[in-house]
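*Asks:* For reference, the chains in residue letters:
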Amino acid sequence: KAGVTQTPRYLIKTRGQQVTLSCSPISGHRSVSWYQQTPGQGLQFLFEYFSETQRNKGNFPGRFSGRQFSNSRSEMNVSTLELGDSALYLCASSLVWGNEQYFGPGTRLTVT
Amino acid sequence: DAKTTQPTSMDCAEGRAANLPCNHSTISGNEYVYWYRQIHSQGPQYIIHGLKNNETNEMASLIITEDRKSSTLILPHATLRDTAVYYCIVRLRPIKAAGNKLTFGGGTRVLVKP
Numbered sequence: 170k171a172g173v174t175q176t177p178r179y180l181i182k183t184r185g186q187q188v189t190l191s192c193s194p195i196s197g198h199r200s201v202s203w204y205q206q207t208p209g210q211g212l213q214f215l216f217e218y219f220s221e222t223q224r225n226k227g228n229f230p231g232r233f234s235g236r237q238f239s240n241s242r243s244e245m246n247v248s249t250l251e252l253g254d255s256a257l258y259l260c261a262s263s264l265v266w267g268n269e270q271y272f273g274p275g276t277r278l279t280v281t
Numbered sequence: 172d173a174k175t176t177q178p179t180s181m182d183c184a185e186g187r188a189a190n191l192p193c194n195h196s197t198i199s200g201n202e203y204v205y206w207y208r209q210i211h212s213q214g215p216q217y218i219i220h221g222l223k224n225n226e227t228n229e230m231a232s233l234i235i236t237e238d239r240k241s242s243t244l245i246l247p248h249a250t251l252r253d254t255a256v257y258y259c260i261v262r263l264r265p266i267k268a269a270g271n272k273l274t275f276g277g278g279t280r281v282l283v284k285p
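Protein sequence lines correspond, in order, to chains P and S. Under this note's numbering, the first residue of the first sequence carries the number 170, and numbering increases by one thereafter. Under this note's numbering, the first residue of the second sequence carries the number 172, and numbering increases by one thereafter.
Among the hints, a few may not be true.
Claimed, not checked - For each label pair, taking beta carbons as the anchor points, the in silico distance ranges come out as: (1) P/265 <-> S/276: 45 to 55 Å; (2) S/263 <-> P/249: 26 to 36 Å; (3) S/190 <-> P/189: 21 to 31 Å; (4) P/187 <-> S/223: 20 to 30 Å; (5) S/247 <-> P/231: 21 to 31 Å.
Claimed, not checked - Which residues of chain P face chain S? A few of them, derived with a C-beta cut under 8 Å, are: (6) 209; (7) 217; (8) 221; (9) 259; (10) 268; (11) 272; (12) 278; (13) 281.
Unchecked claim - Covered stretches of chain S, as calculated for chain P (at least 3 residues, CB under 8 Å): (14) 182–188; (15) 216–228.
The hints are simulated quantities; they were obtained by calculation from the structure and are not laboratory data. All C-beta atoms, glycine included, are put in the ideal place defined by N, C-alpha and C.
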């Protein structure tokens, strides 16, 4: 069974731009969560989607948004990029009430 | 979710057992203990979870004290590939209200040496 895939793997953007990251969960998994990882703050929860609905949200500004499609694929968007948004963005998928979450390799975003 | 405390780092000899402690003194009765690890440049990987009984799978064993205020993850025969940051997480079982959110702390950086 294929794992969680994230595209692109690397991205360089300029301050003020916006970016869209994509995540394809494991087949059959309907829950998708997003995390941001930085050296200073560690792994922080962004949001979780299930059945195209956001059911949990972390403490991030409104510039961070996401959505989930009917096939469970998910995207997250960051608008008006800031230098501090440079991070590894990780996507995780699981069964609806799954104990195990499966993480993708992440998208490394660099904002210059 | 209850807060956890883990040592910042520890070394382990290849082939020996690695015992990773975690304190979670404020854990509530319906919270589980989960362990994940993150190998450099990869996404976190689920290892094991438990409520109050000891658990074992192909990767590791989880020992939870009787009062549930602490636990130990045991890697029975550490290999160089077990070098990673190990995270102990305490959370409600993923039921409807709790969702699947994981709250990561700083973790323990484990270095397995030859």
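*Asks:* Decide, hint by hint, whether the structure agrees.
*Replies:* To see whether the hints hold, each was checked on the structure:
no.	hint	result
1	P/265 <-> S/276: 45 to 55 Å	violated (26 Å)
2	S/263 <-> P/249: 26 to 36 Å	holds (35 Å)
3	S/190 <-> P/189: 21 to 31 Å	violated (43 Å)
4	P/187 <-> S/223: 20 to 30 Å	violated (47 Å)
5	S/247 <-> P/231: 21 to 31 Å	violated (47 Å)
6	209	violated (11 Å)
7	217	holds (5 Å)
8	221	violated (15 Å)
9	259	holds (5 Å)
10	268	holds (6 Å)
11	272	holds (3 Å)
12	278	violated (15 Å)
13	281	violated (21 Å)
14	182–188	violated (count 0)
15	216–228	holds (count 3)
When each numbered hint is compared with the structure, violations occur for hints 1, 3, 4, 5, 6, 8, 12, 13 and 14.
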